[in-house]
Each structure stands twice: as structure tokens, then as C-alpha cells.
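2 protein chains.
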Amino acid sequence: MKDEMLKLGQHARHASRAMARAEPGAKNRALEAIAGAIETQSDRLVEENARDLARGRDNGLDAALLDRLELTPPRIAAMAEGLRQIAALPDPVGEISGLRYRPSGIQVGHMRVPLGVIGIIYESRPNVTADAAALCLKSGNAALLRGGSEAIHSNTAIAECIRQGLESAGLPADAVQVIGTTDRRAVGEMITMNQYVDVIIPRGGKSLIERISREATVPVIKHLDGVCHVYIDDRADVAKAEAIAYNAKTHRFGVCNAMETLLVARGIAEQVLPGLAARYRETGVELRGCADSRALVPAMQAATEDDWHAEYLAPILAVRLVDGLDDAIEHIAAYGSGHTEAIVTEDYTRARRFLREVDSSSVMVNASTRFADGFEYGLGAEIGISTDRLHARGPVGLEGLTTQKWVVLGDGHVRQ
Amino acid sequence: MKDEMLKLGQHARHASRAMARAEPGAKNRALEAIAGAIETQSDRLVEENARDLARGRDNGLDAALLDRLELTPPRIAAMAEGLRQIAALPDPVGEISGLRYRPSGIQVGHMRVPLGVIGIIYESRPNVTADAAALCLKSGNAALLRGGSEAIHSNTAIAECIRQGLESAGLPADAVQVIGTTDRRAVGEMITMNQYVDVIIPRGGKSLIERISREATVPVIKHLDGVCHVYIDDRADVAKAEAIAYNAKTHRFGVCNAMETLLVARGIAEQVLPGLAARYRETGVELRGCADSRALVPAMQAATEDDWHAEYLAPILAVRLVDGLDDAIEHIAAYGSGHTEAIVTEDYTRARRFLREVDSSSVMVNASTRFADGFEYGLGAEIGISTDRLHARGPVGLEGLTTQKWVVLGDGHVRQ
Numbered sequence: 001m002k003d004e005m006l007k008l009g010q011h012a013r014h015a016s017r018a019m020a021r022a023e024p025g026a027k028n029r030a031l032e033a034i035a036g037a038i039e040t041q042s043d044r045l046v047e048e049n050a051r052d053l054a055r056g057r058d059n060g061l062d063a064a065l066l067d068r069l070e071l072t073p074p075r076i077a078a079m080a081e082g083l084r085q086i087a088a089l090p091d092p093v094g095e096i097s098g099l100r101y102r103p104s105g106i107q108v109g110h111m112r113v114p115l116g117v118i119g120i121i122y123e124s125r126p127n128v129t130a131d132a133a134a135l136c137l138k139s140g141n142a143a144l145l146r147g148g149s150e151a152i153h154s155n156t157a158i159a160e161c162i163r164q165g166l167e168s169a170g171l172p173a174d175a176v177q178v179i180g181t182t183d184r185r186a187v188g189e190m191i192t193m194n195q196y197v198d199v200i201i202p203r204g205g206k207s208l209i210e211r212i213s214r215e216a217t218v219p220v221i222k223h224l225d226g227v228c229h230v231y232i233d234d235r236a237d238v239a240k241a242e243a244i245a246y247n248a249k250t251h252r253f254g255v256c257n258a259m260e261t262l263l264v265a266r267g268i269a270e271q272v273l274p275g276l277a278a279r280y281r282e283t284g285v286e287l288r289g290c291a292d293s294r295a296l297v298p299a300m301q302a303a304t305e306d307d308w309h310a311e312y313l314a315p316i317l318a319v320r321l322v323d324g325l326d327d328a329i330e331h332i333a334a335y336g337s338g339h340t341e342a343i344v345t346e347d348y349t350r351a352r353r354f355l356r357e358v359d360s361s362s363v364m365v366n367a368s369t370r371f372a373d374g375f376e377y378g379l380g381a382e383i384g385i386s387t388d389r390l391h392a393r394g395p396v397g398l399e400g401l402t403t404q405k406w407v408v409l410g411d412g413h414v415r416q
Numbered sequence: 001m002k003d004e005m006l007k008l009g010q011h012a013r014h015a016s017r018a019m020a021r022a023e024p025g026a027k028n029r030a031l032e033a034i035a036g037a038i039e040t041q042s043d044r045l046v047e048e049n050a051r052d053l054a055r056g057r058d059n060g061l062d063a064a065l066l067d068r069l070e071l072t073p074p075r076i077a078a079m080a081e082g083l084r085q086i087a088a089l090p091d092p093v094g095e096i097s098g099l100r101y102r103p104s105g106i107q108v109g110h111m112r113v114p115l116g117v118i119g120i121i122y123e124s125r126p127n128v129t130a131d132a133a134a135l136c137l138k139s140g141n142a143a144l145l146r147g148g149s150e151a152i153h154s155n156t157a158i159a160e161c162i163r164q165g166l167e168s169a170g171l172p173a174d175a176v177q178v179i180g181t182t183d184r185r186a187v188g189e190m191i192t193m194n195q196y197v198d199v200i201i202p203r204g205g206k207s208l209i210e211r212i213s214r215e216a217t218v219p220v221i222k223h224l225d226g227v228c229h230v231y232i233d234d235r236a237d238v239a240k241a242e243a244i245a246y247n248a249k250t251h252r253f254g255v256c257n258a259m260e261t262l263l264v265a266r267g268i269a270e271q272v273l274p275g276l277a278a279r280y281r282e283t284g285v286e287l288r289g290c291a292d293s294r295a296l297v298p299a300m301q302a303a304t305e306d307d308w309h310a311e312y313l314a315p316i317l318a319v320r321l322v323d324g325l326d327d328a329i330e331h332i333a334a335y336g337s338g339h340t341e342a343i344v345t346e347d348y349t350r351a352r353r354f355l356r357e358v359d360s361s362s363v364m365v366n367a368s369t370r371f372a373d374g375f376e377y378g379l380g381a382e383i384g385i386s387t388d389r390l391h392a393r394g395p396v397g398l399e400g401l402t403t404q405k406w407v408v409l410g411d412g413h414v415r416q
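If you're matching them up, the sequences are chains A and B in order.
No gaps in the numbering here: position 147 of the first sequence is 147 in UniProt numbering, and each next residue is one more.
No gaps in the numbering here: position 308 of the second sequence is 308 in UniProt numbering, and each next residue is one more.
In case anyone wonders, no lab produced these hints; they're calculated from the structure.
Virtual Cβ for every residue (Gly too), placed ideally from N, Cα, C.
Honestly, I wouldn't trust all of these hints.
[As the list claims (entries may be wrong)] Covered stretches of chain A, as calculated for chain B (at least 3 residues, CB under 8 Å):
id	region
1	15-29
2	98-105
3	164-170
4	363-370
5	408-416
[What the hints assert, rightly or not] FRET-style restraints, in silico, Cβ to Cβ:
id	chain 1	residue 1	chain 2	residue 2	range
6	A	G180	B	E215	27 to 35 Å
7	A	D183	B	D3	40 to 48 Å
8	B	R252	A	G109	52 to 60 Å
9	B	D3	A	A88	34 to 42 Å
10	A	A77	B	T192	46 to 54 Å
11	B	P24	A	A88	21 to 29 Å
12	B	T217	A	R356	41 to 49 Å
13	A	E357	B	V238	54 to 62 Å
14	A	A173	B	R252	23 to 31 Å
15	B	R214	A	R184	19 to 27 Å
16	B	P24	A	R100	22 to 30 Å
17	B	T217	A	D327	29 to 37 Å
18	B	A295	A	D183	49 to 57 Å
Between the sequences and the hints, there should be enough to build the whole structure, so can you do that?
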């Protein structure tokens with residue numbers, strides 16, 4: 001197993017050098033060709049996927065997991081369309097910025113370059129294979145993809161389309177390698193091959209991500225919790241507050257940028273909370289409140305300490321009254337996960353303080369936390385949302401899969 | 001020990017929040033006050049340093065180490081001057097960039113923010129205590145500093161000046177904590193306190209850095225080898241080639257950006273190598289060449305495979321003839337450490353290819369590798385040079401001690 005993985009790593013490293021110097025046109029032709037192969041081989045993808053589904057049913061996978069695993073013709077078409085959208089994005093590689101003359105006479109600037117080899121570890125959805133491959137390819141990286149064992153036939157079939165596309169564009173087929181074994185030790189090797197892998201991006205449940213962070217010696221870009229807060233300040237516009245708090249909770253429940261705790265300043269609670277509570281109830285959202293908020297909305301259950309820490313990913317919302325901005329910032333610092341927080345206020349100074357003092361990957365004024373998303377931010381696509389601090393923070397698009405090197409231009413300059 | 005370190009970590013985390021929102025004026029006043037305290041307490045620093053020196057002599061430290069350890073009045077004045085220079089740099093924290101309207105109507109951009117708590121582990125030079133503290137402070141971070149045990153009295157005395165300066169500016173004294181114990185287990189705790197430390201920067205010998213990278217669970221920004229190359233292309237200007245190759249090797253020997261291997265295209269070797277070899281010999285540089293280069297300069301020793309890997313940090317130079325650009329790029333990919341490489345050429349296409357295809361933290365055309373330095377690049381100061389790929393690459397200044405979060409400004413916007 002170790003030898004097999006080292007061989008894949010070696011191939012990836014070798015391919016990464018060709019990818020780093022590949023022209024934008026070649027990369028885009030590969031993406032178009034992969035999209036074409038996925039479309040023309042749609043029937044085969046459905047067949048291979050049927051094998052995964054059958055085995056999944058035999059193994060007793062639940063309906064939600066089977067749904068995530070399934071490839072239908074419309075889903076396959078959407079996968080191809082996603083590839084074409086990534087082809088249409090600007091190429092980040094080679095961009096030179098900040099080239100300035102220094103007193104010594106040299107010109108110094110930055111050039112954007114690929115990270116090298118990116119290892120992506122993910123769970124059931126087979127479309128991640130195409131998405132992740134496309135983002136790595138477009139950003140000039142080589143990729144090692146390790147999907148869930150339950151999707152192995154689907155992923156292998158998609159990998160074959162990717163291989164064909166790369167070859168038809170004259171790029172190394174090893175630029176994207178899907179790990180074909182379901183042996184779990186492969187992951188252990190992949191996350192410790194520091195000589196061949198530059199960064200690991202795990203996508204999936206919290207236990208997967210925690211295990212990988214703990215065991216990896218390769219740097220990891222990861223997403224842990226999304227315990228997002230909306231704070232309604234006592235100088236909020238009530239209509240905006242209701243719209244944002246309602247949208248942040250109910251637009252989608254199972255997503256990391258959904259609000260999980262609503263903080264309301266005491267001075268405005270009586271005005272906004274009863275109305276909001278009624279709207280939440282109509283939508284089937286269960287409310288769990290502090291004692292003070294329950295005095296205003298007696299139908300709420302009592303929140304426990306655990307509720308302030310909870311990422312429900314479900315129609316449940318924790319509600320707490322706070323004294324004001326300082327109290328809200330303290331609550332977020334104590335219980336938040338550093339993902340996304342929003343303030344609703346018309347007060348200029350408080351808005352500025354919230355933006356500056358809340359330490360999260362996205363901080364917002366008068367907008368729904370649901371906007372924390374690569375597409376909404378204009379990245380064109382996203383490989384994930386990072387809750388780490390180093391390198392990439394928040395939604396990670398093509399730029400997050402690159403780094404910068406220094407370029408120095410001289411005319412025979414030497415150091416005095 | 002564990003409890004003690006966790007307490008320091010907790011204090012650092014707490015102080016980091018106050019530092020993140022500190023005004024530029026307060027941070028600069030603290031830096032000026034620290035500089036003042038260092039100057040007025042110069043005598044005491046010399047006394048405390050004398051204790052370290054005496055113990056160092058008793059423990060048989062060699063002359064070079066004792067020299068690095070020594071604080072003289074001029075060195076103390078330089079330390080204070082360094083603090084004032086850092087105070088004069090622009091404050092990186094809070095800078096908002098790229099704020100753009102999205103089709104949804106929200107405005108999205110980046111805000112530069114501190115990393116949080118930075119742990120710095122270093123060896124003998126006590127001036128690093130003041131330098132590192134100043135860079136962390138200016139960039140809005142809290143710092144945990146762990147110097148060499150041989151400098152413990154000097155570092156503790158400098159720490160006291162830092163504490164006074166922070167307090168006089170109304171900033172938390174715990175924003176810079178110098179670890180007062182010489183117990184080696186303190187390092188082990190520091191590099192695994194992920195809840196309290198956001199990044200570790202080791203500065204010192206390779207064995208220290210390797211040990212820390214291996215054992216740390218906190219992300220590390222590090223500098224390993226500097227096996228730097230100059231490639232003299234056959235379309236080089238001979239005068240520029242000689243000036244650059246001579247300067248890159250002989251300007252200083254013991255520095256990471258000194259050239260260690262000179263690659264010369266066969267087509268120009270006869271023109272440049274004998275003259276250069278004579279100049280190197282006059283300066284006392286020992287040359288170790290491949291068979292082909294020795295045919296041109298018979299006085300050279302024969303290089304072995306080890307020489308292509310060597311970071312001499314000494315007046316020794318490996319010399320190899322190559323067929324041309326491709327061969328040079330291959331040699332650098334095989335033996336380089338990704339630090340700094342330069343091409344000397346008048347050929348436009350080859351210069352462009354070298355810049356794009358050589359994967360090092362600094363790539364240069366017609367300039368000496370000795371320019372790879374934070375001051376030369378205009379960073380104002382540097383905490384070190386990173387040979388890592390993620391987050392910071394090459395010279396790391398104040399910006400490398402910060403990260404960016406997303407800011408979103410709306411007017412009641414919700415996701416459709």
C-alpha cells in the first residue's frame with residue numbers, strides 16, 4: 001500500500017511540473033474535453049453508479065446517503081456544465097502584481113503560482129470528483145483524489161473521462177489521479193507524503209476532518225464548524241432585522257452558513273422577537289431561548305449551555321438576549337466557530353466595531369449569513385470554506401489553490 | 001510545566017483580542033516606549049547579559065556563539081533603533097481591499113487582520129527578542145517568545161522593557177510573553193497548544209527547525225535550506241554574468257541567499273568560467289566542479305553528488321556545466337531547495353520561461369540572489385524567509401504575520 005501510494009505521489013509531483021507551466025488554452029481544452037466525455041459517456045456513468053447504488057442498498061445506506069450517491073442524467077449534465085463554467089473563469093496562474101522599482105534599482109513583485117500537488121479526501125457525492133479535479137486543473141495543480149468507498153465505481157468512471165480529457169489536450173494524464181483502492185490505509189499514506197503532497201483538503205463530516213487534521217503532517221485547509229450568529233442591535237431597522245434573521249435561518253437548514261444562534265439586544269427584543277418567533281414557528285423552526293427571551297416568547301423551550309455551542313444544521317435556533325454590542329461580541333468570541341457572523345444595525349460606529357472586532361472568516365453588516373459562499377462572493381467556484389486562519393480563510397476558490405512567489409528583474413544588479 | 005504553558009497560552013489568547021483592536025497610535029507608542037526603556041536600561045541589560053556570557057564561557061561556548069550572545073551598548077542602541085523603524089512602518093491591520101458590488105447588491109471585500117497568537121522559537125541572539133516582539137506587536141498579534149537558554153538573563157531583562165512599554169501605552173502586558181523557564185519541555189507544549197497558538201515560527205539551525213516541524217501540531221512557517229543557484233545562459237552578457245555570479249557567492253558567505261551552485265551553459269563556459277574562477281580564487285573561494293568544468297579550470301576539485309545538494313554557508317562553490325536552459329531548470333528542480341534562483345541572460349523568451357518554470361520562493365533575472373531579503377524587497381523588516389508554500393513564501397514581513405477575513409456590507413440583503 002505504502003509503495004503504491006508513493007508511486008501515485010511521484011507521478012503527481014512529476015505531472016504537477018507540467019501543469020504549472022501549461023498554457024491557459026490547454027487547460028481549458030482539457031476541461032471542455034472532460035465535459036464532453038462526461039456527456040457522451042453519460043449512460044456508462046449511470047451504469048457504474050447503479051453498481052454503487054446496489055451495493056449501498058445491500059449495505060443498508062440510508063435514503064439521504066443514497067440520494068447523495070446517485071448520478072442521474074440531469075446531474076451528469078450539471079457536472080459537465082460545472083466544468084465548462086470553470087473553464088470560463090480567468091486563469092489565476094502567472095499573474096504578476098505589485099512590480100515596483102526599489103532604491104537599489106531592481107524591480108520586485110509577486111507572481112501567482114500553483115500550490116503543486118493537492119490531495120482531496122471526500123465522501124459520497126461523486127460529482128465532487130469532477131468539481132475538485134477541475135478546480136485543481138484550472139489552477140495549475142496536480143490532484144490526488146480519494147472519494148468515499150461507497151462511490152468507487154462512479155468515481156473510477158469519472159476518472160476515466162478526466163484522463164481522456166487531459167490526454168486529448170496534451171496534458172499529463174497523471175495530473176488527476178483518482179485513488180482506486182478502497183483500502184483505508186491509503187488515506188493515512190496520502191496525508192503524510194510531505195515530499196509529494198503540498199496540501200490536503202478534506203471535505204465531509206466533522207469526524208473525517210478532525211481525524212485528518214490530527215494525523216496529517218501535510219498542511220491541511222479545512223472547514224470545521226459553522227456556528228453562525230446574527231446579532232440584532234437595538235439600533236437595527238426592524239424590517240431588515242426580521243428579513244435577515246429569517247433568511248439566515250430558514251433559506252436552507254443543513255448548510256454551514258445558516259444562522260444557529262440569534263442574539264438580540266434587550267432594547268429591541270420586545271419589538272422584533274415575538275413577530276420573528278411567529279414566522280419561525282410557521283416554518284417549523286424549533287426555538288430554544290435564554291430565560292429573558294422566554295419571558296417575551298413563552299412558547300420557546302429553555303436553552304442549555306450546549307445550545308450555545310450547537311451547529312444544528314436543522315430547523316432549530318438558539319435565541320439569547322444580550323445587553324448590547326459588547327455582550328454580543330463576547331458571546332460570539334466564547335461560543336462562535338469563527339465562520340460567519342452578521343450584525344443588523346443602522347449605527348455607523350457599532351457596524352465598524354463589529355467588522356473590526358469579530359474574528360470570523362466572514363463578518364457582515366445588514367446581510368444574511370447565507371451569503372458566505374464562493375459564488376456569492378464572486379469566486380466563480382469554490383472548493384470549500386476554510387475556518388483556518390493561515391493561507392486561505394472563508395470561501396476558497398481558484399486563488400486559494402495558488403500561492404505567490406517573488407520575482408526580481410534586474411539589469412546586472414548586485415548587492416552593495 | 002503543561003499547566004504553566006497553558007496559562008501563558010490563555011493569557012496570550014486573551015491579550016491577542018485587545019491587540020487585534022488596538023489603534024495604530026497605541027501600538028506605535030508602545031514601540032517607542034520599549035525603545036526608550038531599552039536605552040535607559042542599557043546598563044542593566046549589559047549586566048544581565050554579562051551573567052549569560054559568564055555562564056556561556058563556563059559551559060565552553062565557542063567564540064562565535066559568545067559573540068552572537070553579547071549585548072554591547074552599540075548593539076543595544078541598534079536594537080532600540082530597530083524598534084523605532086518598525087513603529088514608522090505602515091500599519092497593516094484593518095486594511096480593506098477589493099470591496100466590490102456583487103449582482104446580489106451586497107458589497108464584498110477583504111479586511112487584513114492579525115493571525116492571533118504567534119509563537120517564536122529562536123536561539124542565542126538576544127536582539128531577536130526585541131525584533132520579534134516588535135513585529136508581532138505592530139501586526140496586532142500577541143507573541144510567545146522562547147529564546148535559547150544560554151540567553152535567559154538577557155531575554156528576561158529585555159522582556160521587562162517590553163512589558164513596561166506595553167503598559168505605558170495602555171496595551172496588555174501579556175501581549176508579549178517571554179518564556180522564563182529553560183525547561184526544554186516548554187517547547188513541546190508550545191508547539192502543540194493549538195487552542196492558544198495560531199502559528200509557530202522557528203528561527204535557528206536546521207536541526208531545531210526540523211524537530212519543530214516534525215513535532216508541531218500548530219502550523220509552522222519555516223525556513224529550511226538555501227541551496228541557491230545562478231544559471232549563466234549562453235546568451236548572457238558576460239560582464240553582468242561575472243558581476244552577479246561573483247556577488248552572489250562572495251558578498252557574504254554564511255547567509256541563506258548566497259549562491260551555492262553555479263550552473264553555466266556550455267556555449268559560454270569558456271568565455272566566463274576561467275575569469276570568474278580566478279576572481280573566486282583571489283577571494284579564497286574553493287571551487288568544486290563537474291568533469292566538463294574542470295576541463296576548463298583544471299585547478300578545481302572534483303565535485304561529488306553531495307556537492308549538488310550542499311548548502312555550504314562557506315567560501316565553497318559547486319560548478320556545473322549544463323546544455324542550456326532546460327538542463328538548468330532540471331538541475332534546479334532536482335537539487336534546489338526552492339529558496340532563490342537567478343538566470344543571467346539577454347534572451348527574452350528564456351528569461352520569461354525561467355521566471356515561470358523555476359519553482360522557488362524568489363526567481364530572478366539578471367540580479368544577484370543576495371537581494372532575496374525583506375529589506376531589499378521593501379517589507380521594511382522581516383521575521384524570516386519562508387521556504388514553505390502555504391500562506392507566506394520568501395521574505396516574511398508584517399503582512400506575513402496577518403491574514404484576511406471577508407467583509408460583507410448590505411442594506412438588509414437576504415439570499416434569494
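Checked against the structure, which of the hints given earlier come out wrong? The structure conflicts with hints 3, 8, 9, 11, 12, 14, although it agrees with all the remaining ones.
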